[in-house]
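Peer 1: First to last, the protein sequences are chains A and B.
Going by our numbering, the letters in the first sequence line up with residues 1 to 505, in that order.
Going by our numbering, the letters in the second sequence line up with residues 1 to 422, in that order.
For the record, the hints were derived by calculation from the structure and aren't laboratory data.
By construction, the Cβ of each residue, glycine as well, lies at the ideal position given by its N, Cα and C atoms.
Each hint should be verified, as a subset may be incorrect.
Simulated restraints, written as ranges between beta carbons of each label pair [claimed, not checked]:
no. : chain 1 : residue 1 : chain 2 : residue 2 : range
1   : A       : A136      : B       : Q310      : 56 to 62 Å
2   : B       : K192      : A       : F363      : 50 to 56 Å
3   : A       : G54       : B       : K397      : 52 to 58 Å
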Amino acid sequence: MKPIFLALLLWLFTLPTFAALDRAVVTQLGDEDSDVKIAAIQKLAQSAEPEALGILQALVDGTLQGADGEAITINNRVRREIDGALAALKLFHPDRKIRLAAAKELTVNLANEADPGMAPMLARARDKETDDKVKAAIAQAYALATLKHADAAVRLTAVKALAGSGDPNIKLLLLAMTDPANESEVTVRRAAIAAHAEVKSRLALGETVGRIFSGLSLGSILLLAALGLAITYGVMGVINMAHGELLMIGAYATYFMQAQFRTYLPGWLDWYVLAAIPLAFAAAAAVGVLLERTVIRWLYGRPLETLLATWGLSLILIQAARVLFGAQNVEVANPSWMSGGIELMPSIVLPLNRIVIVGFALFVLALVWVLMNRTRLGLFVRAVTQNRAMAGCVGVPTAQIDSVAFALGAGIAGLGGVALSQIANVGPDMGQGYIVDSFMVVVLGGVGQLAGAVWAALGLGVVSKFLEGWAGAVIAKIVVLVFIIMFIQKRPQGLFALKGRFVES
Amino acid sequence: MKRRNFIKALTLSASIAAIGATSFSVHAADTIKVGILHSLSGTMAISETALKETALMTIAEINAKGGVLGKQLEAVVVDPASNWPLFAEKARQLISQDKVAVVFGCWTSVSRKSVNPVFKELNSLLFYPVQYEGEELEKNVFYTGAAPNQQAIPAVEYLMSKDGGSAKRWVLLGTDYVYPRTTNKILRAFLKSKGVADADIMEDYTPFGHSDYQTIIAKIKKFASEGKKTAVVSTINGDSNVPFYKELGNAGLKATDVPVVAFSVGEEELRGVDTKPLVGHLAAWNYFESIKNPQNDAFIKLYRDWAKKQKLPKAESVVTNDPMEATYVGIHMWAQAVEKAKTTDVDKVIAAVGGQKFKAPSGFEIQMDPKNHHLHKPVFIGEVKADGQFNVVWKTKGPVKAQPWSPFIAGNDKKKDEPDSK
Numbered sequence: 001m002k003p004i005f006l007a008l009l010l011w012l013f014t015l016p017t018f019a020a021l022d023r024a025v026v027t028q029l030g031d032e033d034s035d036v037k038i039a040a041i042q043k044l045a046q047s048a049e050p051e052a053l054g055i056l057q058a059l060v061d062g063t064l065q066g067a068d069g070e071a072i073t074i075n076n077r078v079r080r081e082i083d084g085a086l087a088a089l090k091l092f093h094p095d096r097k098i099r100l101a102a103a104k105e106l107t108v109n110l111a112n113e114a115d116p117g118m119a120p121m122l123a124r125a126r127d128k129e130t131d132d133k134v135k136a137a138i139a140q141a142y143a144l145a146t147l148k149h150a151d152a153a154v155r156l157t158a159v160k161a162l163a164g165s166g167d168p169n170i171k172l173l174l175l176a177m178t179d180p181a182n183e184s185e186v187t188v189r190r191a192a193i194a195a196h197a198e199v200k201s202r203l204a205l206g207e208t209v210g211r212i213f214s215g216l217s218l219g220s221i222l223l224l225a226a227l228g229l230a231i232t233y234g235v236m237g238v239i240n241m242a243h244g245e246l247l248m249i250g251a252y253a254t255y256f257m258q259a260q261f262r263t264y265l266p267g268w269l270d271w272y273v274l275a276a277i278p279l280a281f282a283a284a285a286a287v288g289v290l291l292e293r294t295v296i297r298w299l300y301g302r303p304l305e306t307l308l309a310t311w312g313l314s315l316i317l318i319q320a321a322r323v324l325f326g327a328q329n330v331e332v333a334n335p336s337w338m339s340g341g342i343e344l345m346p347s348i349v350l351p352l353n354r355i356v357i358v359g360f361a362l363f364v365l366a367l368v369w370v371l372m373n374r375t376r377l378g379l380f381v382r383a384v385t386q387n388r389a390m391a392g393c394v395g396v397p398t399a400q401i402d403s404v405a406f407a408l409g410a411g412i413a414g415l416g417g418v419a420l421s422q423i424a425n426v427g428p429d430m431g432q433g434y435i436v437d438s439f440m441v442v443v444l445g446g447v448g449q450l451a452g453a454v455w456a457a458l459g460l461g462v463v464s465k466f467l468e469g470w471a472g473a474v475i476a477k478i479v480v481l482v483f484i485i486m487f488i489q490k491r492p493q494g495l496f497a498l499k500g501r502f503v504e505s
Numbered sequence: 001m002k003r004r005n006f007i008k009a010l011t012l013s014a015s016i017a018a019i020g021a022t023s024f025s026v027h028a029a030d031t032i033k034v035g036i037l038h039s040l041s042g043t044m045a046i047s048e049t050a051l052k053e054t055a056l057m058t059i060a061e062i063n064a065k066g067g068v069l070g071k072q073l074e075a076v077v078v079d080p081a082s083n084w085p086l087f088a089e090k091a092r093q094l095i096s097q098d099k100v101a102v103v104f105g106c107w108t109s110v111s112r113k114s115v116n117p118v119f120k121e122l123n124s125l126l127f128y129p130v131q132y133e134g135e136e137l138e139k140n141v142f143y144t145g146a147a148p149n150q151q152a153i154p155a156v157e158y159l160m161s162k163d164g165g166s167a168k169r170w171v172l173l174g175t176d177y178v179y180p181r182t183t184n185k186i187l188r189a190f191l192k193s194k195g196v197a198d199a200d201i202m203e204d205y206t207p208f209g210h211s212d213y214q215t216i217i218a219k220i221k222k223f224a225s226e227g228k229k230t231a232v233v234s235t236i237n238g239d240s241n242v243p244f245y246k247e248l249g250n251a252g253l254k255a256t257d258v259p260v261v262a263f264s265v266g267e268e269e270l271r272g273v274d275t276k277p278l279v280g281h282l283a284a285w286n287y288f289e290s291i292k293n294p295q296n297d298a299f300i301k302l303y304r305d306w307a308k309k310q311k312l313p314k315a316e317s318v319v320t321n322d323p324m325e326a327t328y329v330g331i332h333m334w335a336q337a338v339e340k341a342k343t344t345d346v347d348k349v350i351a352a353v354g355g356q357k358f359k360a361p362s363g364f365e366i367q368m369d370p371k372n373h374h375l376h377k378p379v380f381i382g383e384v385k386a387d388g389q390f391n392v393v394w395k396t397k398g399p400v401k402a403q404p405w406s407p408f409i410a411g412n413d414k415k416k417d418e419p420d421s422k
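One chain only, chain B, in its complex shape:
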């Protein structure tokens, strides 16, 4: 009896799986499939869920204008659940099983590092929309976020300037993985080149999902009180930022005394935090929602309408942020490149993406570098306002070319500014 039930259940579940599988491939002939690989659960869901929505929105926008090569785009969404090995598994599934033409996804560098070999092996295409540490140039990846010279270095330079508070001591605080470690290595070398002594730099790391920032805040306070003007550079990623900023506010560490500049905190991450005690803390990005120009107005409206239509949680208060803009720009650039190449063939599309231009919500016509797979981007530094938006206090005159190989790491000067061809 028991065994029979078991077999019944097995056949039932198998048939359900079969139904699921077939329903996907019905429209395969007249659509182009694109994969979306963002964590919808786990510690990174706070940041990545909005990117999935942005990708779906952009795809719907392109479809409404007739699609690409006359075909509609069909999104295949998977959830790698903030689990790095699962990213590789899901990427493989998207490429081999769902046969997607391109994948838009990843946030943390550790997830990107985990999928890189898959994209290389299967010769597929990934658009990565988040600022990162550089030190990488894959033929199969286009980086639409900032390299260190488009975010980290300008932010530190700003804090060193008179207007930024002439900081002399530095706390480099991050989540313990490749992006913060590498960025801090670059920053340390940069600070040294500016004459900052080792004793004036404190580096500290916390695990993913860390939620008790008492000791660290106390340490920062102590470090800051040892004489010179101190600034904190935060590369904390994911939902740890909520307890970090809560503790910062509760402990009364004000931006006028010790400013904190964050590289992975934007409008979206601050949605769940009371920002009144945080006024004046900073973030460095290539886009802020508060930037005023027609492209940005249209982009914000597009996303707000999308949120209402999709009935997203708290749709009335959704915000846009830098990685969302980078996702939006990346998908459009891919679509333009496919139109130019007249095919979705990966090698031909890769050749066509270089040199693509797009009028981005950041207010500039930004360009994909013809060679190094990175965007030329403007840099903005913003201070948190009481309503959770950012006030731009510093910006570059125009887009800056990315340096994926930071000149502050020894040996990088010999590396080529383009990926190896095979």
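Extracted from the complex, chain A is given alone in its bound form:
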């Protein structure tokens, strides 16, 4: 901050050594009027001096100070202008990544606002460019700049070059060129029609991909929230109203781990989430065992009492979290490797935190599947689920299995809490918002079925997201609920029913 200020001062008041940069122009950057500022920025950018880049960067970072010693403030309009100017200057930067980003930025700017004046500069950059990917990006920008060229042949090449784009603004520009009022040449119009169709179908595909992804992302969160419940409800038939609070415990465990890393391992802060996974599992499982041993165990076979008792437990847990961590939400930050997103197309960005959570849900699902289908414990749990009395007769310690299964379900809820902490707010009553969704997933999927829970969660996720796109979040929630009620009326056993003889039923 300081050096730039000094440099500016030097140059404003003492040494006019930078002959190429006009002193008066630089002073204009501090003018109140945005129009004057923008004119100065354009002049600086056209000078193409290396110093200009530094000054503009300082201006956009808010570290450039005016004559009165205060930082010069800029608004969005000026910022957009600077970004464009900087991108143009950065096209000649030695770093390939910076050049690529600059070319993309220029394409977006040009699609918003045509500027034929950029064409010669872009042509220069394109011819100088050695990297294929960057070259293609610059070629797009160049095509946009020459889209209104006087020569029909140039326009035709430009239109053809733009067919490969996925930018909605370019689609509009191409659409305009299909109109005889805007484009006199037939060949160009034909090319524009073809290019427009191509861009349009690519955009439609992108939109569907985006929707499906957000559906999968919601589904994976529902799955993480409901998987634990599928085990406890499935195995023991316990309606555990405190399930949401087990999620909350997992989220707070993540928060706790983050705080520990901040204090003791600040260099490794980015990896606190990984360390939080076992802690969240252990903490939630421990609380689960405690609940099972002290309360739920004595209420087996009495669903109404269980419901009330676990609801009471959930209130106790919420209050405990309030006392321990305060009533306000706590801040859980995304580690840097989970921030930002992958840009598939200019219109579709898949956020990294959601991608990681989808992967995490798959990991937890695999873990549970192996545990249930490939271990002795899993075998016992499945036996108890199918026929408790018979399992007891052949020597399965059903009471012990209950405890272990409950701990397992609670621990998985804790893992769900880790995932939730990365996208939602972490607060004492965060669990309340998920309990209904979790039960919906389990009931819809069919009791005691992992596959049912998976399909129900993903299905609900995708359906809600498509509905949200149509009707908005509030209506989507209502429609989904109504749908589930009707479905359960028709098929009380859920999507997948367990085959076998039930003692209880």
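Dock chain B against the given chain A, drawing on the hints supplied.
Peer 2: For chain B alone, coordinates are given in the frame of chain A:
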């Protein structure tokens, strides 16, 4: 045995309650009680907790200078827990049971609507410190936040201007309750009067506490790419703002392309968010922490010292914001009015509040309108900076008179600009 234990427990808890009740009324004679009604838990705690602290701080400040009418103020704090019916219950408790002279509280309009009948019935006094949708003028309420013409309309006008980016298409996004719905109704009428077509306005609502903004961001992106320059007006309230802004940053929706102007997001709400991807998004308020003047410097220092003294969480990084300033101004105006009326009698105080003046941290001497129970306030529009503070990019020359009845809603021109007397 069991029954005996139960009775024992019952008597024990009853006696504890009795102790609690008596301890409150010990000092009743030589103090004036004031109620503080802000959610300290639930979805609104993110915004309202700081207001409780500001109120306590202001009361301590007034007490240190000798109190009001020579008596010390005694704060009674309750937690309505972001639960709207509970607001009414707690308000009744404050007025009838604790006998407070005045209540400072509420954030959401739905909570205010829920307590209004209580204040009317018991003829008590509420100071409401948050910007709101207007369409209301209660004799028992003083509104120290902005009416639509002091926040929403100027913000939209700014975005329509050249410097604001000449927006032509509008996304009106909000939490699903009375404030966003009414504000958007006013904005829609205003935009229409400026020649914006219905097809260029998209309205969308999410429930309280909503945390999945993927679809909405995708929708905004799509809407924005249909030709004209688009701006988003956000009336999202409470902790939903954190996931909303996180998603906005992750999805790479930049302020230079699609600016988002928020009416319920200030310095406090942005504390838990990485603001680097959000640089340039806007908020419209009547006060920003970054405004430089002696009153504001003193106000910020007062609050920072208070946070350290009270050992608030993250006391080293506390911020001040608009509703906190409005709380501060409101409490001072009430104290001045009580001094003027020489009593805490509600009707006399109401008569004395109108016309009160106070040198506010916003840098102006602001005045309570003699008639319409609203403050004359300056309007500022700020852009988010990388450090979570705001850069003022536009402001009014001076305080603006509030129009609680927006001229953009049909039939409002016939309504009186003062509350019905009884």
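Peer 1: If you test the structure against every hint from before, which numbers come out violated?
Peer 2: 3
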